[in-house]
Structure formats: structure tokens, C-alpha cells
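These protein sequence lines are chains A and W, in that order. Following my numbering from start to finish, the first sequence increments by one per residue and tops out at 247. Following my numbering from start to finish, the second sequence increments by one per residue and tops out at 178.
It is worth saying that the hints were derived from the structure and are not from the lab. Be careful, since some hints might not be right.
Unchecked claim - In silico DSSO-like links for lysine-lysine, alpha-carbon gap of 27 Å or less:
| hint | chain 1 | residue 1 | chain 2 | residue 2 |
| --- | --- | --- | --- | --- |
| 1 | A | Lys236 | A | Lys141 |
| 2 | A | Lys20 | W | Lys76 |
| 3 | A | Lys236 | W | Lys76 |
| 4 | A | Lys37 | A | Lys141 |
| 5 | A | Lys166 | A | Lys87 |
| 6 | A | Lys166 | A | Lys100 |
| 7 | A | Lys141 | A | Lys166 |
| 8 | W | Lys154 | A | Lys4 |
| 9 | A | Lys166 | A | Lys236 |
| 10 | A | Lys87 | W | Lys76 |
| 11 | A | Lys141 | A | Lys87 |
| 12 | A | Lys20 | A | Lys236 |
Since this is a predicted model, take the numbers as computed values, not measurements.
As a plain string of letters, each chain reads:
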Amino acid sequence: MIDKSDWEAANAALIAEGRKRFDPPTVEEIEDYFGGKLEGDHAAHVREALTYYPELIRVMTLPPPDPNVRVLSDSERERDWAAIRRKLEPEPLPFITRRKVAIALAAAAVVGLTLAVVMTSRSTSNGPITPTKAPIVATWKFRPDGIAGAGQRPLQIHPCDRCILKVLSAYAGDFPRYRIDIVYLGVNPPRTVVSRMDIHRDLADGTWAIEVDGKRLPQGFYRLDLYGVRGDVTEKQSAYTFEMLGR
Amino acid sequence: MSGPHDTRFEDLYRRYYDRVCTFFIAFGFPREQARDLAQDVFVRVYRSMPDYRAEAEWSYLETTARRVALNEIRTKKATKHNADTISVDDQAVQLEDRGPGPEELAGQSELHRRLQSAILQLSPRLQDVLRLYLAGLSYQDIEMTLGISEDAVKTRLREARVRLRDIFGEAPEGNESP
Chain A
1 MIDKSDWEAA NAALIAEGRK RFDPPTVEEI EDYFGGKLEG DHAAHVREAL
51 TYYPELIRVM TLPPPDPNVR VLSDSERERD WAAIRRKLEP EPLPFITRRK
101 VAIALAAAAV VGLTLAVVMT SRSTSNGPIT PTKAPIVATW KFRPDGIAGA
151 GQRPLQIHPC DRCILKVLSA YAGDFPRYRI DIVYLGVNPP RTVVSRMDIH
201 RDLADGTWAI EVDGKRLPQG FYRLDLYGVR GDVTEKQSAY TFEMLGR
Chain W
1 MSGPHDTRFE DLYRRYYDRV CTFFIAFGFP REQARDLAQD VFVRVYRSMP
51 DYRAEAEWSY LETTARRVAL NEIRTKKATK HNADTISVDD QAVQLEDRGP
101 GPEELAGQSE LHRRLQSAIL QLSPRLQDVL RLYLAGLSYQ DIEMTLGISE
151 DAVKTRLREA RVRLRDIFGE APEGNESP
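Could you put the whole structure together from the sequences, leaning on the hints where they help?
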């Protein structure tokens, strides 16, 4: 008679093999799957992947605990409250960033002063003043793919010289750092055209922002990927598809 | 922390923090980690206070707690996967810790290989149910995951056992009744 633990061990080995073929579904996919929002091949793929990650299934199926349960002592509860308050304090800028900010401000002051001198000399010499074209700075706010349901159109972006792309994600975990990649989808395989590390979440509006030179985003379709980074581990958090319109 | 929602937030904390901690412990996290993760839940809740609707307090916390747990497990999986691929020494240590000697291990691995081979001969729909059952999920969990009725879960498990007995001569024990 073969022990059940042997069947379980054999099954665990098959699950380990399966994990080499299937990455765990994203949090969005898991929530959408259990919420009945996925259909067709996508639902089938997530379902099959989940069978190799039973611990993720348990998180979704476990009923909530008794509301009257108390597991912490008063002192633990007070300590945790203090810890939460500390986590909510705004982080001071690191020294290197403060230096960068100071240098940038100094440089901006020099440029501003130079421009003022040039403009003053032009206006006093009564020469023709060539109108300068101001750069187009545009800010776009993204919601993750799938939030608006199937068949949604990707966000369309008008050409900009400096494009500030802000992304929202209700699903992203707390990571010390984040990375944003912008992938051009007009070639096969798709090509990463922008990759920016050390992105931090803006506590004021809860977004992650990246500023991109518009020249790097010619007309076409793109996907913006938000990653969480902790040590050597990089975890994809959300994806956003957008279309860059022509100039 | 000095925002317009602070009083409401503190009230939420006082009423629900223990329950959120218990939730993480029930997910299988050690107590200290459960507290860390529960803190993360409340940090997220605070940051989204402007969008938060008071009438669905626990539901909001529950959804956030499940998200934090999913994220944590997925991140750990990635870490473990990385470690598995680079550390041969760790595998050696794990084998030493198990107890059985080399011969017993060889015998076990041969048995497990044969059991795996038998399972792989089942149809995919039977494999899916059996995989989740042997991983310790309840019938209800399997039902929710595969989108089939509990009766269908039991029927497929019985079918899998019959097939395994044909293939291998034995099948894992079960208690599902018709």
C-alpha cells in the first residue's frame, strides 16, 4: 500500500515541473479570474497556471476570520500603530538626490539669468525678435490594462516634447524601488525603448511618474510596464497599453 | 501623518487590525510577518483614504489584505526560484536534513517517478483535480478554482482513482461519497 504522502510528494514534484512552464498569474489576473471577469483562452490559461500555485488559490478562497478575534496584546497593537505611523512619514530625499536637486536649481538659475540677459539685449537693440516655440509638456494619467473591461481602447497620447506619464495601480505591492519600461509593440519581438530605474511612488496622488523625451516615442503602439524591485527580485505589477499619435 | 482622514483611519485600525493580522496568520504566514503585512495593508488603506467609502469597511480591508498576501507569495516564489537556480549547496543541505539514507532516497525517487508517470497518463481535466486535491485543497476550493460543481469534483476524483488503479494498481485514498 503506497502511503498518501508518497502521492503528495510525487504531486509536489509535478507542481515544481509545472512552475517552470507557468509563471504565477498576476494579482490582477487572479482577482479577475475569481471575479468571473476573464473569458476564453485568457481564463483557461490563468486557470491552468493556478493549479500549479495552490497557495495563491488558498489566499482567494480562505473565508475571513471571526470579527471578534483578538490575537495581539495591547503593547503589540501600540507598537504596530507606531510602526504604521513611521511608514507614513514622508521619506527624506537621499543625499545624492539632494545634491542633484541643488545642482539642477543652480543650473536653472544660470540658464534663466542668461536668457534674461539675451532677451534684454535683444529688446534694447530693437532687432527682430524671433518667436521661440515653447516645448509641449503634457501629462497623461494611465489606468492598468483590463480595468475598463474587455475591448477598451488603449489611451491615445498626442505628440509632446516632454511627455510625463503617470500610472495608477491599485494592485502594486510595496517595494523599496520601482522600474518602468516602455516597450514598442510595432516590431516583432517588441522592443524596450525606455527603461527607468529608481522610480518612487508619489505619495500625494499615489502614482508612479516617468518623464520621456517625445522623440523616443514615435507614432505607434506601446506598452508601459511597472515593476516592483526588491534586491535581486523584479516583479511585474501592472501593464498599460497606449497609442502615440502622429505629429 | 497629519491628514484630514486621520481620525477615521485610527478608528479603522482600532477596530480591524487584529482581524487583519489573524487573516495573514490563517494564510500561513508566521506571526511576526503577519504583523508586518497587516501594517502594509493599513499603509495602503491610508494612502487611498480619499477614495475609500465607509460603508464597506471590512470588505475593503479584506480585498487589500488578499492583494498584499498574493503579492508577498508571488515575490517569495520569485526569490525562491532565483535561489534554487543558483545554489547547488543549498540543495545538498536540504538533502542532508531529510533523514533517509542514499539507498532509501533512491528507492523513494524511483517510486515517485513511477507515481508521477501514472498521474501524467490521466487526462488533463483529471490531472487538474487530482493535483489540487493532493496539494491539500478542499473540494470547495477546487470547485471555486476550476469553476465546476462539488459533485463534479468528486466524480473526477473517483474517475482519477479508477484510472490510476488500472495504470498503477493503486490510487491515493479518498473519502468522497457518491
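For each hint, the structure was consulted:
| no. | hint | result |
| --- | --- | --- |
| 1 | Lys236/A / Lys141/A | holds, 19 Å |
| 2 | Lys20/A / Lys76/W | holds, 15 Å |
| 3 | Lys236/A / Lys76/W | holds, 13 Å |
| 4 | Lys37/A / Lys141/A | holds, 24 Å |
| 5 | Lys166/A / Lys87/A | holds, 23 Å |
| 6 | Lys166/A / Lys100/A | holds, 22 Å |
| 7 | Lys141/A / Lys166/A | holds, 5 Å |
| 8 | Lys154/W / Lys4/A | holds, 18 Å |
| 9 | Lys166/A / Lys236/A | holds, 17 Å |
| 10 | Lys87/A / Lys76/W | holds, 22 Å |
| 11 | Lys141/A / Lys87/A | holds, 26 Å |
| 12 | Lys20/A / Lys236/A | holds, 17 Å |
Of the numbered hints listed earlier, not one is contradicted by the structure.
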